[in-house]
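S.K.: Those sequence lines, one after another, are chains A and B. When we follow my numbering, the leftmost residue of the first sequence carries the number 3, and every step to the right adds one. When we follow my numbering, the leftmost residue of the second sequence carries the number 3, and every step to the right adds one.
Hints may contain errors.
Because identical chains share one entry, a pair is satisfied inside a single copy or across any pair of copies.
As the list claims (entries may be wrong) - Okay, derived cross-link-like pairs now, EDC-like style, lysine to aspartate or glutamate, Cα gap no bigger than 16 Å in a straight line:
{"hint": "1", "residue 1": "K77", "residue 2": "D41"}
{"hint": "2", "residue 1": "K77", "residue 2": "D34"}
{"hint": "3", "residue 1": "K80", "residue 2": "E101"}
{"hint": "4", "residue 1": "K92", "residue 2": "E11"}
{"hint": "5", "residue 1": "K92", "residue 2": "E9"}
{"hint": "6", "residue 1": "K37", "residue 2": "D83"}
{"hint": "7", "residue 1": "K80", "residue 2": "D41"}
I should point out that these hints are in silico values taken from the structure, not numbers from a laboratory.
2 protein chains.
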Amino acid sequence: MDDDHCECESEEFTARIRGGMLDDDTVMDLADLFKVFGDSTRIRILWALHESEMCVHGISKSLGLTMSAVSHQLKTLKDADLVQSRRDGKNVYYSLCDEHVEILLSTALTHLREEKR
Amino acid sequence: MDDDHCECESEEFTARIRGGMLDDDTVMDLADLFKVFGDSTRIRILWALHESEMCVHGISKSLGLTMSAVSHQLKTLKDADLVQSRRDGKNVYYSLCDEHVEILLSTALTHLREEKR
DNA sequence: TGAACAGTTGAACAAATGTTCAAGTGATTG
DNA sequence: CAATCACTTGAACATTTGTTCAACTGTTCA
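Please work from the sequences and hints to get the whole structure.
M.R.: The structure is reproduced here in structure tokens:
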């Protein structure tokens, strides 16, 4: 047995890591979910919606973005089940689906602040 | 006063949203942090490291990736203060910096599972 | 019905990103 | 000190992604 190799290069060790690994679909789903958060426009939209339900025009006006850009991003957010929508006359109102958005954003903010210390 | 417009299009409302908005740097930092999580290779590396500290060779062997690819991604993870490294002889050992990685991953997993219901 | 408003969508383009390959550094050992 | 192992790095390439523009759908109201 070589003992000039570190433990983590052993067959036993690598087998254990492989055994504990998330399956491929889950890894992809996780990455895809985080990708949705990985854009400043979408972060802004989510932050705005955590204040209140809003229509597309209201979001684009508040954030200084074109309606088209907002609509494209809302579609991405909706596909990820982060926001939901309801139509009322000419307007479509968007709101956050659940509390996970807030947890993810606030955990990330905490990380950023500790990093700066 | 038009009352065929929704509340969220009013000047008062948009001003409130703008006032509550995160500043540009914070939004960018948040997006950049989430971007780091938004890749399946990095998710796999983080998941492996949450089991145990590992050297680069061990990670690449466990996950079936080239050392170069792993090293590039570890640099990204380190720049985001998600992992830290220490050298011991020829080996460089990487480990998670803090508990935020686990919180973010587990919150995201919870979201994915609720989504499926 | 037709004009106006709210929103969506697809194509096109530029910018960002992940992997590979090849060349490099740094530490150990004979 | 030369060889080897562990790791890093930069350039190149293909892929992905966000915005814009233009055309489109859907609703209201006169």
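S.K.: Indicate, hint by hint, whether the structure satisfies it.
M.R.: Outcome of the hint check:
1. K77 to D41: within (14 Å within a copy, 21 Å between copies)
2. K77 to D34: Close inside one copy (14 Å), not across copies (21 Å); limit 16 Å.
3. K80 to E101: Answer is within: at 15 Å inside a copy they meet the 16 Å cutoff, but 29 Å across does not.
4. K92 to E11: Answer is between: at 13 Å across copies they meet the 16 Å cutoff, but 61 Å inside does not.
5. K92 to E9: between (63 Å within a copy, 14 Å between copies)
6. K37 to D83: Only inside one copy: K37 and D83 sit 13 Å apart there, 18 Å across copies, limit 16 Å.
7. K80 to D41: Within one copy, since 15 Å is at most 16 Å while 20 Å is not.
Going down the numbered hints, you'll see the structure goes against none, and every one checks out.
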